[in-house]
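Visitor: Chain residues, written in single-letter form:
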Amino acid sequence: MSTVAIAEVRAKALKARAELEPTPWIAPVKDQPKHDDSNINKSLLSYIWKDTDQGWLKMLGLTSAGVGLLTFAIIVTVVKGIGMWGNNKTVGWGWGITNFVWWIGIGHAGTLISAILLLFQQKWRTSINRFAEAMTLFAVVCAGLYPILHTGRPWLAIYWLFPYPNTMWIWPNFKSPLMWDVFAVSTYLTTSLLFWYLGLIPDVASLRDASVGTLRRKIYGVLALGWTGSARAWNHYKIAYLLLAGIATPLVLSVHTIVSFDFAVAVIPGWHTTIFPPYFVAGAVFSGFAMVCTLMLPARKILGIEHVITPRHIELMCKVMLLTGMIVTYGYVMEHFASFYSANPYEYFAFYNRRAGPMNHIFFLMVFCNCITPHLFWTKWGRTNLWAVWVASIFINIGMWCERFVIFVISLHRDFLPSSWVAFHPTWVDISLYVGTICLFLTLMLLFVRFLPAVAVSEIKELRLEMEHAEHAAHEAETATMAAASGGVPPAAHAAPISGKEG
Amino acid sequence: MSSIHPPEKTFVLGEFATPEQLVDAGAKLHALALGKLDAYSPFPVHGIEAALGIPKSIVPKMALTAGLTGAIGGYSLIYWCNVIDYPINIGGRPLHSWPTHIPITFECGILLTALTLFFGSIALFRLPRPYHPVFEAESFRSASIDAFWVSIESDKQPGELGDVAQKLRDLGARKVEIVRGPIS
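In the order they appear, the protein sequences are chains W and L. If you're matching positions, the first sequence starts at 1 in the numbering used here and goes up one per residue. If you're matching positions, the second sequence starts at 1001 in the numbering used here and goes up one per residue.
Isolated chain L (complex conformation):
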């Protein structure tokens, strides 16, 4: 059932005017441990990962793996084609002439790294996801324009989260919204 109907979650959202306030509020909320935290901003905010306790990205490891796989794969392909499957004498050159294999090996490494970086990070962003409960709040539009939002994820009903909303106001949020929706 859960695969058809993803579970509903409630998000308490607070809007801040500056990135500094966001980092400050994020760190305080993290210390309170009210629920899973996230922040939303028009550009990457310096220091937010530390404030919210977001772990280091695994993207570099993915990229390195992909680069090596691509390069080894590219070289192996050339070797297998030119030496094993279809050996052909081109102007008396050796079948396995490694210097001529370098450009394609390099390009294959780059290609697989680029594809992995793009599609891998899209997957890590959990995109494409046209719907997200935070979009329920019309004022959340400012998150990509000029405002800095923080969210607290919860399984409770919106009515039960008044204290969390108050906490956000106390931390200086100029707007607070509570939204609920299914999240996959």
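In isolation and in its complexed conformation, chain W is listed as follows:
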């Protein structure tokens, strides 16, 4: 065998091995050196079959109390009006819009993980996509509450939000970015829900089939819609899932772009910039991944799914946060530079006011959380120490909330006319709504992990098979390399297809 041929075989072996190293996507667990479909099914669904544990119940109790608070705050807002919020004539958009954009941003990681990483064929998405998709859905529900409540009387707002033939025969103003927002967010919610459910169907079917007891079997049977896993259905399913991912990708980019148009299209200094769409999308991914880490790190331990969400997954998420964090930082630097370079006194003042105005502590908190924290992830320790990742992810969540506050409230509170300058103070209703939506989000997440599979089980099984094939290919290529290097004839086995093998 020539040296070139040997080098080729060796390169092939190394490539196959690299797929499996340093840690495989499905890590071995104690007493179970090798996974098969049956134990994957068992281990990933085990939390659903367990008896309700006290910890889960206590957390649910706490978050449900928060949902009670949210309900109360909503009633107060609706009965008394949005005068109960801290908004005033100058700061027309206060915490409401801050929270809306923050929540939408958090949702974006789910779509990014499930759709964009699917199109890029990133295998590591498989373990985290379902959890992140659920997060998207619940985050968008929380986000949607704010603009609906902000209309003041939501039951009267429908005619200027949705084009339907109303009794006054007038139509919405389609030229307004706020209308674009209505279409973008409602499309996003619908698509996320459908994508999530389509992905869940095979997993719910495996829950149905693995269930003990008639009631559970019936409930999951209804949810699975009668899925049999037929090849004729998979034939349509595969392409439908891929296409949904394909349309979700431009959709997720469009949603935050349109959200940023709410501001960029206005003439307010500090808002009227072309950098907004890309910088909003990067910020959304940044905060979304941070939220995935915040929730996933405890969840993987509690749910017993540490073998499919390995430290390697967490490291990769940290790298995404590092990258998007730097894009966001670049956005901040550019904004401030542009305000200086524009020679527009109002534009300059808007940014001067962020750095040196009465609310500059929030600006500096944002800089610390968003620009400095992610640099922890340059170090291996920062990416692999789970406590460090968890604390950093919470800092990023806080930082991204501050970013929205800085952009919206600090830009508004000192506008063109000094006589209309005001301070902004949130009221107890603002705070209750914010705490309440966090609790609503957590309640929905707790219910989700308790009753539905938090990991895409069927996709993990497919990944396991792929890894088995990769392992096999790597082994054979290595055997061939060794044989070639020692001058012998490579074993015939390496030419045989894998399909002959018994499982």
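Hints may contain errors.
Derived contacts from chain W toward chain L, CB cut-off under 10 Å, selection only [claimed, not checked]:
1) M59
2) T187
3) A240
These are computed hints drawn from the structure, not numbers from a lab. Using N, Cα and C, we set each Cβ at its ideal position, and we do this for glycine too.
Chain W is fixed; fit chain L onto it per the hints.
Guide: Structure of chain L alone, referenced to chain W:
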């Protein structure tokens, strides 16, 4: 009568341990032409469509049609509302200002595509269908967990299908079941 009582069909089911065996057995059964074939697996098995002779999915065409319909519909709606039915001068802007129509046109295209992809594929799966004769076999539960099943559909009575069951065993099926039930 057929609408109230859907016809009864018999399914001969065989369970295989690996996807490779399933594809192999599927291809051989397809060559024998014993009846309508299907396979059941916990995840999509590579190469099964070719083995069973399943035609290409029409989902992409449906999605494209829906996307174009949604986008054209969205744009037309805006045009009709803002230019024809209720023309209103907003800050002196032209009634038909196409750049401001792009976001909603795009979103409408996506929305209709997503709805069509989901409900269209559910319809193609023939779901929701809570009952299917294959569920009669208790061991068929493994089809969504860790086993790979193949089925041959037939109008004959279960007793007449012994040779088909034997054929499945010969192909390496570790379990064979014959079930009969109405199928809509």
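Visitor: Each hint should be assessed against the structure and marked as holding or not.
Guide: Structure-based check of all given hints:
no., hint, result
1, M59, "30 Å, violated"
2, T187, "4 Å, holds"
3, A240, "4 Å, holds"
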